[in-house]
Amino acid sequence: MASSTASEWDLHTAITPAGDGLFDATLDPGWVVGGGVNGGYVLGVVGRTIAETLPTKPHPLSVSASYLSASRPGPAQVSTRVLREGGTVATVAAELGQEGTTRISVLATYADLREMPTDVSTTAVEPALPPLEECVPGSMAPAETRRIAPVMDRFDLRFDPACIGWAMGKPSGNGHIQAWLKMADGHPLDAVGLLMVCDALPPVTFDLGRPGWAPTLALTVHVRAVPEPGWLKVSHRTRNVAGGLFEEDCEVWDPAGRLVAQSRQLAMQPRP
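Residue numbers are given in the UniProt record's numbering: position 29 of the sequence shown equals residue 29, and the series is strictly consecutive.
For the record, the hints were derived by calculation from the structure and aren't laboratory data. Heads up, a few of these hints could be off.
Only pairs whose alpha carbons sit at most 20 Å apart, straight line, appear in this in silico SDA-like list of lysine to any residue [as the list claims (entries may be wrong)]:
hint : residue 1 : residue 2
1    : Lys182    : Thr238
2    : Lys182    : Pro137
3    : Lys170    : Pro137
4    : Lys170    : Glu228
5    : Lys170    : Pro142
6    : Lys182    : Arg239
7    : Lys170    : Cys135
8    : Lys182    : Ser139
9    : Lys182    : Gly212
10   : Lys170    : Arg239
11   : Lys182    : Pro73
12   : Lys170    : Asp160
13   : Lys182    : Gln262
14   : Lys182    : Met140
15   : Lys170    : Arg154
16   : Lys182    : Arg146
17   : Lys182    : Glu228
18   : Lys170    : Pro270
19   : Lys170    : Met140
20   : Lys170    : Thr238
21   : Lys182    : Ala141
22   : Lys170    : Gln262
23   : Lys170    : Val136
24   : Lys170    : Trp231
25   : Lys182    : Ala6
26   : Lys170    : Arg237
27   : Lys182    : Gly257
28   : Lys182    : Arg154
Start from the sequences and build out the full structure, keeping to the hints where you can.
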């Protein structure tokens with residue numbers, strides 16, 4: 001159980017063993033966005049549960065989730081099944097359900113990143129974000145927006161001014177949103193927290209002039225390293241909107257200049 005000194009993230013992802021691979025959880029209403037609970041947060045709850053199931057391999061390497069129905073605030077139950085556990089990695093299947101309905105189904109590979117090389121070599125280019133004081137705080141969002149998306153209060157977001165035109169009715173059309181991010185309470189995130197960060201920014205379709213809630217169908221996250229404490233750089237891009245769907249590619253960089261997580265999400269076009 002989480003203690004009174006735990007971070008908000010730890011409290012909101014707290015789980016209680018219920019026996020036979022089952023764990024009880026409570027999805028906090030502070031993570032609501034649009035018509036359901038934020039998908040990254042729900043994945044984080046499942047990710048925390050898997051970490052508890054594998055005490056010697058607490059870090060996600062690759063996590064693939066299918067979203068079967070929208071999660072709601074309130075009680076939930078997570079089931080886990082270890083498919084294989086070797087000396088270095090383990091593979092686990094997990095599901096989160098509510099009221100007899102499966103909300104999310106997950107297949108994950110976990111390891112101990114502390115036992116693996118800490119260098120991150122990549123040809124990807126770290127996002128060039130302006131200094132924090134030159135970026136646009138998420139707290140400037142209209143009160144009505146914050147009312148229907150209380151998830152915004154979970155973070156301190158500072159948006160790149162070049163990617164925030166959609167907030168003034170002037171989207172760039174580039175399909176790109178990037179921002180600095182840390183938790184609102186200032187606590188650093190661990191490797192499991194990166195599962196949530198990959199779904200923390202507004203849908204990238206906002207920058208295409210298509211605002212609204214965009215339900216996630218599938219999300220795959222690869223975690224490369226445990227992030228260093230401090231501000232994270234988060235970048236979302238899309239190149240295709242077709243068949244009522246769009247993809248969203250995310251990169252997360254830590255203060256040490258390392259690409260610590262990347263993801264691809266398939267989501268439905270935004271609903272007003």
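A quick look at each hint next to the structure:
1. The hinted pair formed by Lys182 and Thr238 fails the criterion: a straight-line CA distance of about 23 Å is larger than 20 Å.
2. Distance check on the hinted pair: Lys182 and Pro137 sit about 12 Å apart at the alpha-carbon level, within 20 Å; holds.
3. Restraint check for Lys170 and Pro137: the C-alpha separation of about 18 Å stays at or below 20 Å, so the hint holds.
4. For a cut-off of 20 Å, the pair hint linking Lys170 to Glu228 is broken: about 35 Å separates their Cα positions.
5. Among the hinted pairs, Lys170 with Pro142 is consistent with the structure: their alpha-carbon atoms are about 16 Å apart, no more than 20 Å.
6. For the suggested pair Lys182 and Arg239, the alpha carbons sit about 27 Å apart, so the restraint of at most 20 Å is broken.
7. At roughly 17 Å between alpha-carbon atoms, Lys170 and Cys135 fall within 20 Å of each other, so this suggested pair holds.
8. Only pairs whose Cα atoms come within 20 Å are accepted, and Lys182 paired with Ser139 is accepted, the gap being roughly 13 Å.
9. Proximity of Lys182 to Gly212 is assessed by CA-CA distance (about 23 Å); at most 20 Å being required, the pair is judged violated.
10. Taking the CA atoms of Lys170 and Arg239, the gap is about 19 Å. The hint holds against a cut of 20 Å.
11. Pair hint Lys182 plus Pro73 does not hold up; C-alpha atoms about 23 Å apart against a cutoff of 20 Å.
12. Taking the CA atoms of Lys170 and Asp160, the gap is about 14 Å. The hint holds against a cut of 20 Å.
13. Proximity of Lys182 to Gln262 is assessed by CA-CA distance (about 17 Å); at most 20 Å being required, the pair is judged to hold.
14. For the suggested pair Lys182 and Met140, the alpha carbons sit about 16 Å apart, so the restraint of at most 20 Å is met.
15. For the given pair, Lys170 sits about 26 Å from Arg154 by alpha-carbon distance, which is inconsistent with the 20 Å threshold.
16. Taken as a hint, the Lys182 and Arg146 pair is honoured in the structure, with Cα atoms around 18 Å apart against an allowance of 20 Å.
17. Using a Cα cut-off of 20 Å, the hinted pair Lys182 and Glu228 holds, with the two alpha carbons roughly 12 Å apart.
18. Taking the CA atoms of Lys170 and Pro270, the gap is near 17 Å; set against the 20 Å cutoff, the hint holds.
19. The hinted pair formed by Lys170 and Met140 meets the criterion: a straight-line CA distance of about 17 Å does not exceed 20 Å.
20. Taken as a hint, the Lys170 and Thr238 pair is honoured in the structure, with Cα atoms around 18 Å apart against an allowance of 20 Å.
21. For the hint pairing Lys182 with Ala141, the CA-to-CA distance comes to about 17 Å; that is within 20 Å, so the pair holds.
22. Between the alpha carbons of Lys170 and Gln262 the distance comes to roughly 28 Å, so the proposed pair goes past 20 Å and is violated.
23. A hinted pair counts as satisfied when its Cα atoms are at most 20 Å apart, and Lys170 with Val136 qualifies at roughly 15 Å.
24. The straight-line distance between the Cα atoms of Lys170 and Trp231 is roughly 27 Å, outside the 20 Å bound, and the hint therefore fails.
25. With a C-alpha separation of about 16 Å, the suggested pair Lys182 and Ala6 falls inside the 20 Å cut-off, and the hint holds.
26. About 17 Å separates the Cα atoms of Lys170 and Arg237, which keeps this hinted pair within 20 Å; it holds.
27. Among the hinted pairs, Lys182 with Gly257 is consistent with the structure: their alpha-carbon atoms are about 15 Å apart, no more than 20 Å.
28. Taken as a hint, the Lys182 and Arg154 pair is honoured in the structure, with Cα atoms around 9 Å apart against an allowance of 20 Å.
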